[in-house]
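Student: Chain by chain, the residues:
2 protein chains.
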Amino acid sequence: MARTEPVQITVVGSGTIGLSFAAFYTVSHRYYTITIYNTRRKPDSYTNSKLLALLPLDHPTPAIRYASTLQEAVQNASIIQECGPENLLFKQSLWSEIERFAPQDALLWSSTSGIPASLQSQRMQDKSRLLVVHPYNPPHIMPLLELVPSAETCEDVIQRTKQFWVENGRVPVHIKREITGFVANRLAFALLREAIHLVHQGIVSVEEVDNIVEMSMGPRWAVAGPFKSYHAGGGEGGLEGFFRNIGGTVQACWEDGGRISVGGEWEKIVFEQAKEIYGVIDIEERDRITSKVLEAVRGECTSQSSCYDCGNM
Amino acid sequence: MARTEPVQITVVGSGTIGLSFAAFYTVSHRYYTITIYNTRRKPDSYTNSKLLALLPLDHPTPAIRYASTLQEAVQNASIIQECGPENLLFKQSLWSEIERFAPQDALLWSSTSGIPASLQSQRMQDKSRLLVVHPYNPPHIMPLLELVPSAETCEDVIQRTKQFWVENGRVPVHIKREITGFVANRLAFALLREAIHLVHQGIVSVEEVDNIVEMSMGPRWAVAGPFKSYHAGGGEGGLEGFFRNIGGTVQACWEDGGRISVGGEWEKIVFEQAKEIYGVIDIEERDRITSKVLEAVRGECTSQSSCYDCGNM
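Those sequence lines, one after another, are chains A and B.
Counting from 701, one number per residue, gives the positions in the first sequence under the numbering used here.
Counting from 701, one number per residue, gives the positions in the second sequence under the numbering used here.
Simulated from the structure, these hints should not be mistaken for lab results.
Just so you know, even glycine gets a beta-carbon here, dropped at the ideal spot from N, CA and C.
Watch out, some of these pointers could steer you wrong.
To be verified - Here chain A is said to cover these stretches of chain B; the calculated rule only asks that three of the stretch's residues, wherever they fall, bring their Cβ under 8 Å from a Cβ of chain A:
{"hint": "1", "stretch": "842-852"}
{"hint": "2", "stretch": "883-894"}
{"hint": "3", "stretch": "915-927"}
{"hint": "4", "stretch": "930-943"}
{"hint": "5", "stretch": "948-954"}
{"hint": "6", "stretch": "974-983"}
{"hint": "7", "stretch": "986-999"}
Unchecked claim - DSS-like cross-link-like pairs, simulated, lysine-lysine; straight-line CA separation at most 30 Å:
{"hint": "8", "chain 1": "A", "residue 1": "K750", "chain 2": "A", "residue 2": "K862"}
{"hint": "9", "chain 1": "A", "residue 1": "K827", "chain 2": "A", "residue 2": "K876"}
{"hint": "10", "chain 1": "B", "residue 1": "K975", "chain 2": "B", "residue 2": "K992"}
{"hint": "11", "chain 1": "B", "residue 1": "K975", "chain 2": "A", "residue 2": "K876"}
{"hint": "12", "chain 1": "A", "residue 1": "K862", "chain 2": "A", "residue 2": "K827"}
{"hint": "13", "chain 1": "B", "residue 1": "K968", "chain 2": "B", "residue 2": "K750"}
{"hint": "14", "chain 1": "A", "residue 1": "K975", "chain 2": "B", "residue 2": "K876"}
{"hint": "15", "chain 1": "A", "residue 1": "K975", "chain 2": "A", "residue 2": "K750"}
{"hint": "16", "chain 1": "A", "residue 1": "K862", "chain 2": "B", "residue 2": "K975"}
{"hint": "17", "chain 1": "A", "residue 1": "K975", "chain 2": "A", "residue 2": "K992"}
{"hint": "18", "chain 1": "B", "residue 1": "K750", "chain 2": "B", "residue 2": "K862"}
{"hint": "19", "chain 1": "A", "residue 1": "K750", "chain 2": "A", "residue 2": "K968"}
{"hint": "20", "chain 1": "B", "residue 1": "K827", "chain 2": "B", "residue 2": "K876"}
{"hint": "21", "chain 1": "A", "residue 1": "K862", "chain 2": "A", "residue 2": "K876"}
{"hint": "22", "chain 1": "B", "residue 1": "K862", "chain 2": "B", "residue 2": "K827"}
{"hint": "23", "chain 1": "B", "residue 1": "K968", "chain 2": "A", "residue 2": "K876"}
{"hint": "24", "chain 1": "B", "residue 1": "K862", "chain 2": "B", "residue 2": "K876"}
{"hint": "25", "chain 1": "B", "residue 1": "K992", "chain 2": "A", "residue 2": "K968"}
{"hint": "26", "chain 1": "A", "residue 1": "K975", "chain 2": "B", "residue 2": "K862"}
{"hint": "27", "chain 1": "B", "residue 1": "K975", "chain 2": "B", "residue 2": "K750"}
{"hint": "28", "chain 1": "A", "residue 1": "K992", "chain 2": "B", "residue 2": "K992"}
As the list claims (entries may be wrong) - If you want a taste of the chain B side facing chain A, the calculated C-beta under 7 Å gives, among others:
{"hint": "29", "residue": "L789"}
{"hint": "30", "residue": "G814"}
{"hint": "31", "residue": "V962"}
Just chain A, with the same shape it has in the complex:
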């Protein structure tokens, strides 16, 4: 990363994720210049207005530079962040081009939610440069970034990326090996699978599942993740004590858990309930309340605990 200010960040793609990252850099206290390269050639004015909608109400129109060629977009960039379509061939071809034009020490990040760096980098001369930096949507609100290197990604790239995000008050987590779906989604999908099973069995409705999670695990896990929570639940015995006390119930739940598949007959029931209850969801309201939740957690940070505000990891 260039050590002189300003740092030029190039965002490739101006869909939901690309614009959300651009919004994050725009409101950052650090000095970034932002270049957007529209892979789908949307008008700059359209992209600008979409971006503006993500910024605080009183924020001035950001000085985004729109590049007309990939070369122009990346040739002076310190960070190049790919937020394009989830298409392997597109990404492979993009990286082989970017590699030709980008400065040697530029960080190359893919925002993919599922295509590993080892596949994306196959047409690159130097596969060690590419790193998956998977955000939790939308990244201008949510603090998590999963850093998922391939076996060839070099340690320096991982460390500089981690430093960038910690300095920006975010929580980068280094996923040690490439794995299907990375970690956050795997965890969430495991819970989702059981939730679908219970709705399909008629035990609870879609809305009741959401009420349950919003009023129990959600707020709890915003403060203390599952291991920390159950470690506390075990009293002086910690996590081991927890499993000693109720391991039998945990195992019984695991054995009894649903093994439904995508495309199963549950879809009709679950999709219809969701549509009927929620219609079209106001994402702005959700994001505003989520920010308040994150502030509530942040405001109470102590220097002992993990904290994305003070950078303790």
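Using the hints provided, position chain B relative to the given structure of chain A.
Tutor: Just chain B now, with coordinates in the frame of chain A:
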């Protein structure tokens, strides 16, 4: 439930859950008198000081009545809430005694996290009276209550119980059928299983799993549960659109998910990491921050959405 104030609530058992419920009733704006029946004959002064620790700093010492016999404890109660040990024979014998002494219209609630009402009620004359009211720990902080009737529990008991909790600003959810572990724990345990698997595989550490959840799903699900979140994630297509877009990845994660069991070799690794990182956890701090998170969500409630503050369900 008696319609005249004050309502007498008897809590049977003064462990963590019993005292937490007593604390909730103590700070309620409604007019309750609280009776505690210590199944393990702890000194009243000890119980009182434990209860006081759960109340706001400036709260006066509550006027708890301690009953010396079960008959004295329940004979004038409108609500009898069992928070005793998780032991089937204990609960069966307790309910058959309570039934003899309690007013005919008293609500009989068990706080069990796993022993269904259908088993607990087997020695009762009138099995229709018993309802499981399973809190999320600690109930003086967490809004969720799972109402889990047996097939014999009468509808009136369910409805009066639901009304009581809604009037108290809480979120009772009616679980339609008895099921192992009820719903909240089944959902959480499903995620926990995958989390353990990923730590055991060396993909992430215990602390990293907690960081991931605290910085992504936790705050998100405090605001919008999993179905609502993914319904929003699907844009105009809703939940169906979400599965159309990334159903393949979801299925791949499900198929690749860990199937670990309680007692497996993962325990040594995971228990040790948890112990090393967390030691003994400050539950008071966790609960204080959790309250702030819940306030952040509550403060933003709109009359359209489900809300435990204004009673919209």
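Student: Tell me the hint numbers this structure goes against, listed in increasing order.
Tutor: 13, 19, 25, 29
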